[in-house]
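Chemist: If you want the building blocks of each chain, they are given just below.
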Amino acid sequence: MPTATWNRHHILSLADFTTTEYDTVLQTAASFQEVLSRRTKKVPTLQGQVVANLFFEPSTRTRSSFELAAKRLSADTLNFAAATSSMTKGETILDTAKTYLAMGTDIMVVRHREAGVPNAIAAEMDRLGVKVSVLNAGDGQHEHPSQALLDLFTITTLIDPASPRLELLKGKKMAIIGDILHSRVARSNIWSLIASGAEVHLAAPPTLLPKLFAEFISEEVVGRSQEVTERSRSESGVRSNSPTPQLFLHWQLEPALQNADFVMTLRLQKERMTAHLLPSLREYHQLFGITRTKLQLCQPNVKVLHPGPVNRGVEISSELMDDPEFSLIQSQVTSGVAVRMALLYLLGSGKA
Amino acid sequence: MPTATWNRHHILSLADFTTTEYDTVLQTAASFQEVLSRRTKKVPTLQGQVVANLFFEPSTRTRSSFELAAKRLSADTLNFAAATSSMTKGETILDTAKTYLAMGTDIMVVRHREAGVPNAIAAEMDRLGVKVSVLNAGDGQHEHPSQALLDLFTITTLIDPASPRLELLKGKKMAIIGDILHSRVARSNIWSLIASGAEVHLAAPPTLLPKLFAEFISEEVVGRSQEVTERSRSESGVRSNSPTPQLFLHWQLEPALQNADFVMTLRLQKERMTAHLLPSLREYHQLFGITRTKLQLCQPNVKVLHPGPVNRGVEISSELMDDPEFSLIQSQVTSGVAVRMALLYLLGSGKA
Amino acid sequence: MPTATWNRHHILSLADFTTTEYDTVLQTAASFQEVLSRRTKKVPTLQGQVVANLFFEPSTRTRSSFELAAKRLSADTLNFAAATSSMTKGETILDTAKTYLAMGTDIMVVRHREAGVPNAIAAEMDRLGVKVSVLNAGDGQHEHPSQALLDLFTITTLIDPASPRLELLKGKKMAIIGDILHSRVARSNIWSLIASGAEVHLAAPPTLLPKLFAEFISEEVVGRSQEVTERSRSESGVRSNSPTPQLFLHWQLEPALQNADFVMTLRLQKERMTAHLLPSLREYHQLFGITRTKLQLCQPNVKVLHPGPVNRGVEISSELMDDPEFSLIQSQVTSGVAVRMALLYLLGSGKA
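Residue numbers (my numbering), protein chains in the order written: chain A, 1 to 352; chain B, 1 to 352; chain C, 1 to 352.
Please note: incorrect hints may appear among the correct ones.
Straight-line C-alpha distance at most 27 Å; calculated BS3-like pairs for lysine-lysine [what the hints assert, rightly or not]:
1) B:Lys131 - B:Lys42
2) A:Lys42 - B:Lys42
3) A:Lys42 - C:Lys42
4) C:Lys42 - A:Lys131
5) B:Lys131 - A:Lys42
6) C:Lys131 - B:Lys42
FYI, nobody ran anything at the bench for these hints, they're computed from the structure.
I would like the entire structure built from these sequences, with the hints used as guidance.
Modeler: This is the structure we're talking about:
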């Protein structure tokens with residue numbers, strides 16, 4: 001395992017991640033990916049430590065991924081699921097977190113429907129002066145850092161399996177398609193992609209795009225973005241108020257796909273339809289669903305990502321999803337375990 | 001542990017199990033039964049492997065049995081329960097299975113309300129060329145192989161504890177009583193009993209029996225059955241269209257119980273009443289419920305089985321259920337852990 | 001670990017606990033508290049043993065505490081939750097317990113809405129002549145022994161961290177405030193406090209207090225109580241029919257708080273309001289809610305306990321709950337893991 005210095009105590013957002021931090025995560029995950037290819041896919045690193053999965057919002061996929069990561073590091077795991085919990089008895093979220101703290105939890109993996117809950121728990125832990133780490137496993141429409149890091153690991157290991165690192169994405173074009181406005185996955189990915197020097201093209205129907213950049217991306221992005229060629233700025237649908245030369249908004253799919261190296265489609269929440277933000281699923285698929293035909297606009301070796309679970313035939317055609325030539329969807333899930341092992345390891349190994 | 005050659009990659013059905021396979025399972029389970037009598041009931045056999053319990057249909061009993069079996073082999077376990085899962089988010093069953101595959105699952109234990117789901121998952125895994133094994137833990141009204149194998153282990157270890165094997169049942173009479181038509185337990189047991197050379201008598205009200213043998217038992221049974229004495233064919237209620245000299249259908253209880261060595265009662269789903277397939281529970285108990293008095297028709301040392309959970313006073317009298325002289329119900333549960341350890345071991349130990 | 005002789009096979013109630021038993025639990029918990037301060041908070045004591053959490057009534061907090069205690073002793077754990085269980089299929093509670101017995105469970109941790117369920121399961125296990133231990137994790141309004149033992153551990157380690165023991169509470173005054181009538185926590189605490197020689201003052205609105213001592217406290221308490229100074233008997237609201245000089249009932253808060261060394265507030269079940277046993281939450285807080293101001297009646301170094309989860313601003317002011325000078329609430333949770341490790345260890349280490 002790399003013994004790079006790691007000073008971050010909580011992982012709540014990628015907004016202020018440094019290049020060194022990204023690279024440490026990627027290299028640590030690569031070491032664990034190697035462990036996972038062995039017959040005995042387990043290391044004793046976190047033996048005796050407790051990882052509590054505090055999932056106030058239900059999730060099978062992410063919870064299983066974190067649980068398996070923790071078990072493969074030999075940690076003990078506790079699962080809290082809001083449905084069967086004392087939350088129904090009126091206890092506050094911070095009190096629940098403090099109960100798990102008092103039981104001896106070392107790392108809390110927190111998911112909540114509302115933005116800011118993991119930050120609030122982390123702030124409370126710091127105020128109490130305890131060593132517990134908080135890892136944001138998705139908070140409202142805010143961030144989902146472990147998802148963006150596994151996406152980053154998936155595409156950088158594709159480029160250089162032996163040495164995945166942030167700079168490999170410099171100059172690459174990533175198209176992110178779908179419900180950008182409500183997506184914590186998009187938001188976390190934008191931070192890592194901007195930091196890498198990639199060019200990020202967001203495409204969605206106007207109702208699923210932020211009206212102004214400022215609503216969506218803070219000033220900091222501007223400061224952190226690098227100079228890149230503005231190759232698609234002149235195309236139709238590109239907003240003129242982009243705060244960074246690396247980030248583009250499109251009301252149409254085509255300019256985003258044009259020469260893209262990677263295409264990330266986002267899950268479409270069916271609730272958006274009820275809220276009249278969208279016409280029919282069929283029309284959505286026709287306009288923004290990714291198919292093999294539409295990929296012809298991209299680079300020849302373009303790859304497609306999706307955070308899952310997928311609505312087949314909506315965000316992406318069923319055929320394309322299963323095509324190993326283009327789809328990285330299965331790789332993303334596999335990367336998820338290695339990346340989450342890396343995050344738990346980096347947070348946990350510093351504890352006395 | 002026996003190191004018999006084992007080539008079966010999935011356990012989906014007992015329809016094509018060979019005598020060697022049955023005997024390998026029985027002998028392996030016997031070794032684990034011995035492990036379970038030690039103070040430390042654990043072996044490191046599957047350390048670092050992942051067993052995922054994909055229970056699309058809820059079940060505490062079977063899930064706990066598989067979970068404990070996996071833990072006693074030192075495997076890591078992941079539990080998926082449909083109720084709290086992303087299934088509600090519209091992901092397909094195959095996509096859920098592929099997600100667990102991508103996380104690094106080695107063995108999937110699958111239960112589903114609909115027949116054929118474990119087979120479909122296994123077919124998909126094979127199509128993908130991956131080494132993951134699928135174990136059917138009950139699919140609709142189709143099969144429940146681990147239940148039939150634990151029943152087989154329970155009765156063969158009773159006859160010869162040192163060396164349980166299929167041939168011990170040759171010529172024995174097994175009565176299976178109750179909702180045959182809808183029972184995956186009955187169906188899997190018929191395969192193993194026919195293969196052993198036992199005589200199988202099925203008894204139920206006409207509405208809970210298949211109308212024609214062909215609806216229920218495929219042609220293959222005929223081919224695989226052996227010649228046995230047709231001692232109860234002439235009795236009342238015996239259907240004349242039996243495809244095999246080992247299998248008999250009865251509309252009444254008595255001819256099935258006559259001289260039986262083993263009686264297996266099946267759980268009565270209360271829903272059958274709503275569907276007007278049955279009169280009252282009381283009348284059902286009077287006609288088909290097993291009691292000590294009714295057992296007098298059987299062999300003197302007859303034993304009673306039930307897959308559980310039991311409706312006391314419906315399928316079986318409360319008194320008989322608790323009578324250790326006749327009831328094997330607790331032994332079945334104990335056998336369940338040993339047999340499931342054997343199945344996980346046989347599927348898992350071949351993996352690199 | 002202390003190797004004191006321990007002969008109790010089940011832990012169902014504290015009614016007949018001896019001083020030696022209390023002290024053995026306290027000393028064993030102290031040893032585990034020390035283990036929990038190490039980097040690797042795990043011991044191999046119960047490796048290969050199975051602890052089944054049979055929670056017929058849902059609980060996250062207590063279940064997590066027992067689960068973590070079991071894992072830190074290296075036991076395998078099985079979780080049964082009534083909601084997703086075959087209970088809905090009509091199986092009896094005893095049959096569920098016998099199923100877990102047959103699977104090889106060594107210790108059953110049982111919680112149920114109705115009083116007496118853990119006792120019934122224990123009686124059945126004894127009748128069957130098996131070695132399984134039953135631990136009551138809360139039964140109806142009857143008892144919650146592990147909660148009272150962790151409360152005892154919390155306050156005795158405060159007085160003498162090196163050697164917590166029952167006699168340390170002799171002559172101390174404990175006020176228990178709130179829904180005494182329906183509280184299993186109060187009931188179990190009364191046993192341990194009376195045994196220690198402490199003075200116990202119960203205060204609540206009349207509708208939440210037992211009408212007669214005899215309804216609530218059996219004759220045995222009288223026999224077991226010691227002589228103590230009856231310092232508050234003359235105060236307003238004290239019932240005259242107290243069966244023991246150590247136990248007092250009050251309709252008002254003040255005499256209970258007067259010079260108290262410890263104040264235990266109980267959780268207020270909101271259902272009591274629906275049943276018209278209480279006016280508003282606001283009025284309840286005004287009359288019986290504990291605040292820093294009200295604590296001025298107590299000893300200067302008074303400490304406050306609460307079994308959790310807390311309704312902030314009802315039983316206790318939010319400010320007081322978070323004040324480390326007074327609140328032991330977090331310590332109680334931490335003690336819970338150590339005490340439950342002790343209980344599982346004492347029950348489990350005797351097994352062959």
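Chemist: Hints first: check each against the structure and report whether it holds.
Modeler: Do the hints match the structure? See the list:
Between the alpha carbons of Lys131 (chain B) and Lys42 (chain B) the distance comes to roughly 25 Å, so the proposed pair stays at or under 27 Å and holds. For the hint linking Lys42 (chain A) to Lys42 (chain B), the alpha-carbon distance of about 18 Å falls within 27 Å, and the restraint holds. As the CA atoms of Lys42 (chain A) and Lys42 (chain C) are separated by approximately 18 Å, the hinted pair is consistent with the 27 Å bound. For the proposed pair Lys42 (chain C) and Lys131 (chain A), the alpha carbon gap of about 19 Å is at most 27 Å, so the pair holds.
The suggested pairing of Lys131 (chain B) with Lys42 (chain A) holds, with an alpha-carbon distance near 19 Å, which does not exceed 27 Å. Between Lys131 (chain C) and Lys42 (chain B) the alpha-carbon distance is near 19 Å, which keeps this suggested pair within the 27 Å criterion.
No hint from the list above goes unmet by this structure.
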